[in-house]
Every structure is written in structure tokens, then in C-alpha cells.
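Peer 1: Sequence:
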Amino acid sequence: MNRYPIWKYLLILLVVIAGFIYALPNRYAPDPAIQLSGQSGSMVMDESLMLQATAALDEAGIAYFGERVNGKSVLIRLRDAEQQLAAKSVVQEALGLDYVVALNLASNTPEWLADLGGTPMKLGLDLSGGVHFLLQVDTASVISTHLDTRLSEAKAALREARIRYKSASLKDQVLTFTFTKEEWQDQATSLIRKEFRDLLPTQSKNGSLFVVSATMSTTAVKEKEEYAVSQNITTLRKRVNELGVSEPIVQRQGRDRIIVELPGVQDTAEAKRIIGKTANLEFRLEAKPGQIAGREEFAFRSESDQGRLAWLERKIVISGDSVTNANAGYDENGRAQVDITLDAGGGRAMHYATRNNIKRGLGVLFIESKARLEMQKNEAGEEVSVAVPYVEKTIISLATVQSALGVQFRITGLDSPGEASELALLLRAGALAAPMYFVEERTIGPSLGAENISIGVKSVQLGLAIVALFMLVYYRVFGLFANLALGLNLVLLIAAMSLLGATLTLPGIAGIVLTVGMAVDANVLIFSRIREELKNGETIQGAIHSGYDRAFVSIVDANVTTLIVAVILYAVGSGPVQGFAVTLSLGILTSMFTAIMGTRALANLVYGGRNVEKLWI
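Its first residue numbered 0, the sequence shown is counted upward by one per residue in numbering that gives the first Met the number 0.
Hints listed in this document are in silico derivations from the structure and should not be mistaken for laboratory results.
Incorrect hints may appear among the rest.
Straight line, CA to CA, 30 Å or less: simulated DSBU-like cross-link-like pairs of lysine-lysine [said to hold, decoys possible]: (1) Lys457 - Lys534; (2) Lys223 - Lys154; (3) Lys7 - Lys237; (4) Lys180 - Lys287; (5) Lys392 - Lys71; (6) Lys154 - Lys180; (7) Lys193 - Lys180; (8) Lys237 - Lys154; (9) Lys165 - Lys287; (10) Lys223 - Lys71; (11) Lys314 - Lys369; (12) Lys170 - Lys221.
It should be emphasised that the depicted structure is a prediction, and the values quoted were computed from it without experimental measurement.
Taking the hints into account, I'd like the entire structure generated from these sequences.
Peer 2: Next up, the structure:
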């Protein structure tokens, strides 16, 4: 009686060793760092770039160490976390906006632990800080783009209705049509009201010309702005998920701003570059020879075609909004390409546009919002560098249409597999409905985070000390068993959270404190049951056996009901609530193991198979 088979002891020992190994990385605090990467995935980071960055830091008197370059990024560790923002500003100004300089935390986990898959537990913004982005959505560009499309559609509708206009233009979000006859003015006004219900036409006269001016209604403008912000939020969430960021916060602020918060140790330079990309595609036919009106000239994006120009039609066949899936791959010559799948509407538009244009060029226009540094005077009259946004449109592919295209085709002409993977990621995550610009980037309360960690650790230590003292005084030797199991429970909980990549937040620490109390609750039920069996005249060995067996059902019932509540909290909650639910759920599972199997293994080792005259409980 009260003996475990050898395999159970080995299982417990294996779990204990694994728990200590995977909890160990949390003892190695990461270093504050800055990370450099290119605006494009095809840009190579080399030693010369790292030397430029370190020279700028030396000049600014910022201490650093452990520089590392891997071809795609440069990581520079800093001696002082308080100098992270200053270091970022210094390096960004030295390198310019062709490079992304972001804040990061560089791991110090020993190589042997990392090889075993050991990583430190991620800390939420309220504990470790993290990176906070505030982005401005350029809703005005959405309205302008929509009105530009409306202008083309209105001109086509007027021609189809045989209403002759003298000129048609778009300026300051107002469509203006001029006519030489009043009857054509009246007909055009009626047509716009009937065919374009989001436009409000008004009539006027300019000398001998009759003018129709059309603006978007207030309701239509609001709907477009709402759609742009909502679509950008959805796309940002998908992009962050593609990056593997744990428990990010992507939410709206005000009318046209979005907050993105990335807690824990992440590749923030890569995240900033991908998040900030307003990458979209436009598919346009190449302008016909001799065509003058309705065309635009663009440069090629690839380095191999540097300086080459081509004319494309203004009319857009489809845009990136029609893309449902995109995957990077290689063509028959081993060059990078992206395989595209369109939705039904996009497939039809592509088919109609290409079936009658065999042997014509089809250009793929890559559109992204960038920013350039310009010197401007601030309110105090001082010269400061300011990031001025602009839109860059370049051709990434111009291929001859060999046959009518449908819902599936490919984009070739990319510089590298890295650029193909980045383009596929952006298209797969969805196109941004409007350009966005970084208004603010900062760390979230590093001092507050340190204070929260200190308070959280003290609360866990205090709770653990009080519970351990109570168990030791009240249950003596068995209380010692419970305390050992309680310590093991905390180790296993931290190891589990580290392995699963869960993010610890302040509410999560509250979940750990609650777990401490719940973990000994199971032992209280067991030990109380053993006392009752002894009072009823049961032998010591029989009392131990009955205490564990008969209390098991009650322990499982209590923990399962709590686990159900924790799962519901995780399903319906968000952010801090989910952090609490994750910690509580894992704590329940680990406490079931330590409180039942762990303490019983200790009891069996001490009392099992022996003639015990007195039980200290």
C-alpha cells in the first residue's frame, strides 16, 4: 500500500527536470537594443551600414555593445535602457528613412537552452513595456481615389448618353463638368443624380459655359472613411498575425487613427516595416503606341531595370483588393515569383480586360507610401528634420499577355525571394484601404513596468510565504510536502507559459496569486480527509490511501468547473482578461499534477510500505 511503480517516479522526475529547464531562460533578462532593417525585403544589411550606425552612436556618446549583422538586419545592444529612444533617433537621422530603425529587446538565453527550444516568457506592455505605434489613416486619399474613379465612370456614362461635355476635371474633391449648351447641363445633372447616388450635383454658369459641379455627400464621405479605417484595422491584425506577434493590441483611436501595441520580445524592426507598408497593386494595360491621353509614365522597381520607364493606361483593370491568396515561389528558370489568386469579380475583370488585348503589355504597379526627411522650422524658429509623406508608384512587372487571364496567374520580375515573400505576405494579409503614416512610436512605461513587476513579484512572494507558513504549522510534515509541491507548481507554470509563448501581464500575475491559493486547496481537502480517516480508526497507511483516493473526485470537480470559467473568459475576453484566463488555466492543470501526484509521491517515499506509529499531520 502507498507505493508508486518506478515508472511513475521516473515520469514525475522527468516533468520536474523539464520544468526547471524551460523555466530557466526567465533568469536571463534581455538587453535593450535597436534593430535596423531595410524598407524593402530585398535590401541587404552589411558591415558598412553597421559601422555607420555605431559611428553615429559614438558621436552622440551612447554606449553600446554586441553588434550583430545577419544580412537582413543589424542588431546593436545598448548599455542603458533609458537611451533606447535617443539611440533610435540618432541612428535614424544618420541613415535616413530608407532604413527602419526600431526598438527591440535582445535575448540573452544561453545557446544550449535555445537549442532545446527554451525561450523566456514574454511580458505584456504593462510589465516590460514593448512598442507602441500610433498611425494616421489618410482618409482624404480614399475620397480622392474614389472621386477619380467616379470621374472616369461619369465621363463614360456621358459619352454613352451622347451628352457632349467640353471639359471634365477633379480638383479639391470636386468634380467639374463644363458644357456649351444648357440642355446638356440639365441632362448631365439628371444622369449624375440617377447613376451616381453618392454624388450631389449643382449647376452654375461661367461666362458662356454651363457648369455642373459634383461633390460626395456627407453620408458617403463618412461611409468611405469608416470603411478605410475598419479595413486597415482588419489588415493590420492579419499582418501582425502573419508576423507571429503574441497578444497584440490593434484598435481605433478617434476618427482616423489606429493604435498598434506589440508586447514582449519581438522583431520590432520587421514588424514596423511590414505594418507601415501601404503596399497595394494596380494592374494596368500598357499604353498603345501613339496614345497620348489617359496614360501615365512610371519607372521600374527592380535593380536590373534601373532607369527604365514605361507608359501605362490610367484605367485600372483590378487592384490588390481583388486578391484572395498569394504565395511566393519560383518560375521555371528559378527566379522569384508570386502566384496570385483573385476573387470572382477580379477574375471576371481580368478576363474581360485581357481577352481582347492579346500581345499587349500588362503592367503590375506597386504602390507604397513612404516618407522623406526635410528640414523645416518649428514654432521656436529652429531647423528640425520632419518626415514628409509621399506616394511612390513603380512597375514590378510588365509582361506580354499571351492568352486571356482568369482568377489565377503569376507576377514575375521580382528582385529576390525575400521581396517575393514580403509581397505575398502583404497581399495575403489584405490591401490597406488607405495610406497610413507613423505619428508616434514609443516604449510603454519602462519604469512603470519595472514597478509593476516588483509589486507583482512581492505579491506572489507574500502570498506564497503566508500559505507556506500556514500549511507548515497546521499540517506539519504533510504541509512540507504541500509547500514543495507549491514551489514546483510555480516552476511548471512558468515553464508552460514560456513553452507556449504566452504573454504575462499584470492580470496574469493576479492569476498566479490565485493559483497559489487554489493549488493548496487540493492538498487541504486531501489532508483533512486523512485526518478524518485517522479519527475513524483507520490505520495510518489506510488513512493516507483513502485520503488521496476519496478526495480525488472533489478536487477534479472543483478544478474542472474553474477551468470551464477560465476557458469562457479567454473566448469572450480580450487583452488583460485573456492574460488572466491563460495563467489561471495553466495554473489549474499544473496544480492538479503537483498537488495530487507530487505530494502523494513524497508521502509514498516517506511513509509507503513502512510501519509508522505516528503521523505528523
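Peer 1: What hint numbers does the structure not satisfy?
Peer 2: Structure breaks hints 1, 3, 4, 8 and 10.
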